[in-house]
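Student: Next come the chains, spelled out residue by residue.
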Amino acid sequence: MTSFSPGFHGRGRRLAERLPPGQYPTESFPVLSAGPTPKVPTEGWAFTVTTEHGETRSWSWDDMMALPQQETVHDIHCVTRWSKFDTRWRGVALDAFLDGVETEAEHVVVTSYGGYTTNLPLADLRGGRAWVAHTYDGFPLSPEHGGPARLLVPHLYLWKSAKWVRGLRLTLQDEPGFWESVGYHAYGDPWREQRTWGD
Amino acid sequence: MAPVWLPARLDERRPETATARTLAFTVPGWPGHLAGQHVDVRLTADDGYQAVRSYSLAAPADGDRVELGVQPVPDGEVSPYLAAELPVGAEVELRGPLGNWFVWRPEQSAPVLLVAGGSGVVPLVAMVRAHRRIAARSRFHLLYSVRSPEDVWYGGLLADGDPRLDVRIVYTRRAPAGDGRAPGRITADDLDRGVTGLEPASPIYVCGPTAFVEAVADRLTELGRDPATIRTERFG
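First to last, the protein sequences are chains V and P. According to full-length UniProt numbering, the first sequence is numbered sequentially starting from 1. According to full-length UniProt numbering, the second sequence is numbered sequentially starting from 1.
Do not rely on the hints blindly, as some may be mistaken.
Claimed, not checked - Computed footprint of chain V on chain P; a stretch qualifies when at least three of its residues, placed anywhere within it, have a C-beta under 8 Å from a C-beta of chain V: (1) 2-14; (2) 52-63; (3) 86-98; (4) 179-192.
Source of the hints: derived by calculation from the structure; they are not laboratory data. Quantities reported herein were computed from a predicted structural model and do not represent experimental measurements. Backbone N, C-alpha and C define an ideal beta-carbon position, used for all residues, glycine too.
Input sequences plus hints: build the corresponding full structure.
Tutor: What follows is the structure, given as structure tokens:
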């Protein structure tokens, strides 16, 4: 018997094992963005990896589409507490962009058209755990969900899956990104509920 | 420091519209907050099952008193309970404040445009109230889109004639008699009037349903506002 919220019954207990702590399932696909949605044409689009030595490699939209494409299905988890099961994406594994890049860096700042940034360990982008995704549920990714292409790192809270992605900057030191600078956790593992500083 | 869960006692529930409610809680140990921030609310059932949702703070920091605006979502798990069932005097748990981006700080001196769609007015009215507390000369402009006159939250506060607050309500389905504007969604024209009186670097805060925020933010950038000055909060 709890002393809180008398008369509250709730629902959704059968999903308990599949939901990270403190999340609830949604069928819709909510949009969370800090500002206006940038309109990014695929003409002129580029994805650029920059090492700590300033060496760069870039892929145009056509270059990216010519890389091996993967279909991938994931549960995604937003720090605002919704989770969405079995989301279906198509894109290019980050391994394809990082193969052969010579670096001592262990950290990455992901950069986006529109100025958004987020940071994460380089290791989290390797090993088939992260993608540049351009297709959602069979359709080109819409601008409000990060189109034409967004990062997809489904094992971390969704703010790490930068919308309108334009590149990676490999860094020797961990540098906080946009939300990480204003209170969100540096790593953001939903299963450990790493939502905010100190979690 | 990570915010911790704090017991919050419901002191008062006030109607804002036929369905929307303001809930006022006493939260001993509340650390204070900025206008525009939100909190997580946690409910616990008898078997230990818990559900958490985020709600915007409707008023600036005021000791251990915290006000939330709740628009019940049909078939929602949490909002109908908060809006109608949680007994006055009973407790829930709150964690916050959260969100350090969609905030207005009293030291900001530029005029501000607030653009609200429906219940998106809640964090913006917290900014209006925070602005009233200080002796700033800068004006606040609120452009507020609602379906019909019955859907206006905070009607008394917004109509009390504060010379530093310019309020314009846009009705999308039905306007009151003599409104002079045909009902319809916010247009570029409405926004153009809204940005009159702003400085180039003035912040614009937009909060409402996703489609509303997308449309308003697009129109504002088309009007030449710097995207970096536009802060958005979307729901649904």
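Student: It remains to establish, for every hint, whether it holds in the given structure.
Tutor: Now the hints, each set against the structure:
1. 2-14: Our answer is that it holds, as 3 residues pass the Cβ test (under 8 Å) against chain V, meeting three.
2. 52-63: Satisfied; 3 residues make the cut.
3. 86-98: holds (count 7)
4. 179-192: violated (count 0)
In summary, the structure is inconsistent with hint 4 from the numbered list given earlier, while agreeing with all the others.
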